[in-house]
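Here is how the chains run, residue by residue.
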Amino acid sequence: MSLRTESGPYFGDFGGRWVPESLMAALDELSAEYALAREDPAFAAELMELHRTYTGRPSIITEVPRFAAHAGGARVILKREDLNHTGSHKINNVLGQALLTKRIGKTRVIAETGAGQHGVATATAAALFGLDCVVYMGEVDTQRQALNVARMRLLGAEVVAVKSGSRTLKDAINDAMRDWVTNVGNTNYIFGTVAGPHPFPAMVRDFQKIIGEEARQQVLDLTGRLPDAVTACVGGGSNAMGIFHAFLDDTEVALYGYEAAGEGVDTPRHAATITKGSPGVLHGARSLMLQDADGQTIESHSISAGLDYPGVGPEHAWLASIGRASYLPVTDAQAMDALRLLSRTEGIIPAIESAHALAGTLELGRELGPDATILVNLSGRGDKDMETAGRYFDLLDAEAAQS
Amino acid sequence: MSGTGTGSGTGAITSAVEKTIALRREAGSGALIGYLPVGFPTLRESIDAAVAIVNNGVDILELGLPYSDPVMDGPVIQAATQQALAGGFRLRHGFEAVKAITAQVDAPVLVMTYWNPVLQYGVDLFADDLLAAGGAGLITPDLIPDEAAEWMAASERTGLDRVFLAAPSSSDARLAQAVAASRGFVYAVSTMGITGARADVDAAARILVDRLHAAGSTSTCVGVGISTPEQVREILGYADGAIVGSALVKALSDGGVDAVAALAKRLAAGTQDIRNTGHPARQLG
Numbered sequence: 001m002s003l004r005t006e007s008g009p010y011f012g013d014f015g016g017r018w019v020p021e022s023l024m025a026a027l028d029e030l031s032a033e034y035a036l037a038r039e040d041p042a043f044a045a046e047l048m049e050l051h052r053t054y055t056g057r058p059s060i061i062t063e064v065p066r067f068a069a070h071a072g073g074a075r076v077i078l079k080r081e082d083l084n085h086t087g088s089h090k091i092n093n094v095l096g097q098a099l100l101t102k103r104i105g106k107t108r109v110i111a112e113t114g115a116g117q118h119g120v121a122t123a124t125a126a127a128l129f130g131l132d133c134v135v136y137m138g139e140v141d142t143q144r145q146a147l148n149v150a151r152m153r154l155l156g157a158e159v160v161a162v163k164s165g166s167r168t169l170k171d172a173i174n175d176a177m178r179d180w181v182t183n184v185g186n187t188n189y190i191f192g193t194v195a196g197p198h199p200f201p202a203m204v205r206d207f208q209k210i211i212g213e214e215a216r217q218q219v220l221d222l223t224g225r226l227p228d229a230v231t232a233c234v235g236g237g238s239n240a241m242g243i244f245h246a247f248l249d250d251t252e253v254a255l256y257g258y259e260a261a262g263e264g265v266d267t268p269r270h271a272a273t274i275t276k277g278s279p280g281v282l283h284g285a286r287s288l289m290l291q292d293a294d295g296q297t298i299e300s301h302s303i304s305a306g307l308d309y310p311g312v313g314p315e316h317a318w319l320a321s322i323g324r325a326s327y328l329p330v331t332d333a334q335a336m337d338a339l340r341l342l343s344r345t346e347g348i349i350p351a352i353e354s355a356h357a358l359a360g361t362l363e364l365g366r367e368l369g370p371d372a373t374i375l376v377n378l379s380g381r382g383d384k385d386m387e388t389a390g391r392y393f394d395l396l397d398a399e400a401a402q403s
Numbered sequence: 001m002s003g004t005g006t007g008s009g010t011g012a013i014t015s016a017v018e019k020t021i022a023l024r025r026e027a028g029s030g031a032l033i034g035y036l037p038v039g040f041p042t043l044r045e046s047i048d049a050a051v052a053i054v055n056n057g058v059d060i061l062e063l064g065l066p067y068s069d070p071v072m073d074g075p076v077i078q079a080a081t082q083q084a085l086a087g088g089f090r091l092r093h094g095f096e097a098v099k100a101i102t103a104q105v106d107a108p109v110l111v112m113t114y115w116n117p118v119l120q121y122g123v124d125l126f127a128d129d130l131l132a133a134g135g136a137g138l139i140t141p142d143l144i145p146d147e148a149a150e151w152m153a154a155s156e157r158t159g160l161d162r163v164f165l166a167a168p169s170s171s172d173a174r175l176a177q178a179v180a181a182s183r184g185f186v187y188a189v190s191t192m193g194i195t196g197a198r199a200d201v202d203a204a205a206r207i208l209v210d211r212l213h214a215a216g217s218t219s220t221c222v223g224v225g226i227s228t229p230e231q232v233r234e235i236l237g238y239a240d241g242a243i244v245g246s247a248l249v250k251a252l253s254d255g256g257v258d259a260v261a262a263l264a265k266r267l268a269a270g271t272q273d274i275r276n277t278g279h280p281a282r283q284l285g
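From first to last, the protein sequence lines are chains Z and H. Mapping of the first sequence onto UniProt numbering: position 158 corresponds to residue 158, and the numbering continues sequentially without gaps. Mapping of the second sequence onto UniProt numbering: position 256 corresponds to residue 256, and the numbering continues sequentially without gaps.
What the hints contain is simulated information worked out from the structure, not anything from laboratory work. Relax, there's no trap hidden among the hints.
Some chain H residues judged to face chain Z by a derived CB distance under 8 Å, without partners named: (1) 67; (2) 90; (3) 165.
Even for Gly, the Cβ is constructed at its ideal location relative to N, Cα and C.
Work out the full structure: start from the sequences and follow the hints.
This is the structure:
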């Protein structure tokens with residue numbers, strides 16, 4: 001059985017549409033329009049042209065031997081989504097959904113954002129296509145990612161600081177859904193990850209699977225064979241699904257997703273949804289989530305705003321349940337060490353999100369040994385994280401600030 | 001499956017909610033349904049407030065269970081339920097409240113809950129405990145009939161009401177599905193949006209109610225945005241019930257049990273003399 005052909009609404013026991021009736025017409029419309037678009041060669045051609053001339057695709061791969069020396073000597077190859085326009089993989093999905101918005105004839109787009117990468121990508125696409133754009137962002141995240149707030153505003157988007165609940169990504173999604181329920185007549189919700197109600201998990205995955213499709217061929221060209229393992233960080237899970245998907249039916253390729261363990265999975269402060277969560281319904285999908293015995297969502301924690309989410313996409317929950325992919329926790333400290341290590345050994349500063357994948361890869365390489373080849377999705381660059389990293393490593397001394 | 005479309009006269013109706021609505025309609029009016037969240041401002045006061053609004057003219061209670069991610073709720077209800085959660089609300093308090101309220105008043109009590117708390121409690125166990133507490137059924141704002149197989153079975157087994165939502169944007173096929181799946185009433189969402197008082201209730205509400213009646217519903221109540229006796233009267237000119245939420249919660253928040261009781265009394269005045277208000281005559285049961 002091919003695992004690549006699954007396209008929702010359900011992935012095993014996970015997925016579905018657990019939403020207010022008010023959203024059903026919009027979800028049905030989106031499903032129907034997307035089904036037409038994905039069969040339309042003109043839509044695919046327009047998206048590929050944008051990727052070639054605007055995003056900068058195909059993104060390159062980079063082998064990193066000085067970093068790999070710390071990973072048991074395994075060959076480590078990075079898929080450089082950090083080099084995309086706007087600085088992460090998020091643009092792949094946003095351009096697809098923005099084209100779809102144009103096709104449906106809606107004039108306003110909304111988005112949620114955690115780290116700000118999806119918000120920046122959406123604001124960028126809105127500017128490119130002349131769409132009105134409102135981005136919902138938890139108040140806590142607007143503070144820790146102030147630079148991305150400025151970027152979105154410069155691009156012409158309105159940024160709404162969400163003050164309800166835990167004031168992070170999950171609450172930004174709630175407010176974006178409330179906006180969509182109210183303004184669905186002229187508004188399309190450009191969802192940022194492979195979670196949410198159908199068709200979002202399958203559609204976002206389809207727009208991101210170009211990562212794995214390119215990388216699979218690039219690794220074959222470089223090494224003459226498939227990698228032994230593919231690794232990625234997992235919050236909602238879009239970059240991981242994007243790189244995993246091309247390899248789902250390559251049973252000899254192991255797939256590893258690294259979740260944010262925050263201060264540790266045995267503390268209350270983590271975001272390791274698959275490692276520590278249980279089945280439930282959140283934001284329109286049945287998946288794994290962090291919750292208490294009453295089904296109230298538990299607030300997550302990660303130093304990385306982009307992984308600070310108590311849910312995960314249903315396709316990941318399914319891949320975990322059937323054992324096709326493995327999901328392991330990586331702490332804040334492990335991720336920050338890996339961020340510094342890649343910076344110092346290879347001159348590449350990764351996003352803190354992506355640094356979780358690097359930290360996991362360091363351990364995996366030591367397990368697999370020097371004969372192994374590991375493909376890592378470097379999903380984003382670290383520019384947005386300089387203030388967090390500066391504080392974490394104590395790089396922002398008063399003299400440096402004054403000079 | 002017994003939907004609201006199958007009821008023919010009060011004699012055949014087993015749902016207390018449906019019966020209450022039918023009786024109010026036959027009396028020339030319609031039902032007033034009042035929403036309050038459990039545990040706000042405290043469990044004790046939420047029970048007292050619910051009893052007080054029934055004693056002041058509310059026909060059916062909609063008791064909300066506070067939830068961490070209430071996507072259909074506006075700022076007033078969000079703030080109240082967040083405060084209830086911070087104050088230590090647990091699901092068992094919901095059953096305790098239903099029991100305490102039904103011990104004091106006869107009005108049917110529906111519980112409004114997002115779906116994940118029910119899933120985690122266990123759908124069958126939740127149904128059993130709600131029935132044992134004296135509850136009439138569930139209003140489920142983020143559960144569509146398409147995903148409700150487990151709840152359909154549990155409500156069939158226990159006889160509990162199941163109120164599904166209908167929206168102005170819903171297709172005819174989806175409205176027919178909501179009518180067929182619902183028991184008690186169909187919850188017509190008056191406007192595209194979330195809960196919260198509005199100056200005008202959309203013309204969309206009347207069109208939606210007409211479409212639901214055409215789809216066979218004999219029990220259709222309108223909610224979202226209703227806050228004044230005038231709006232209640234206007235809605236009961238064409239619908240079988242009017243649901244008031246945020247306005248009651250705000251009154252309770254601002255002025256306590258006395259204030260919410262006073263508002264209930266004013267709203268209930270809106271259910272009087274519907275036939276003499278000059279609104280277009282509606283086919284009455």
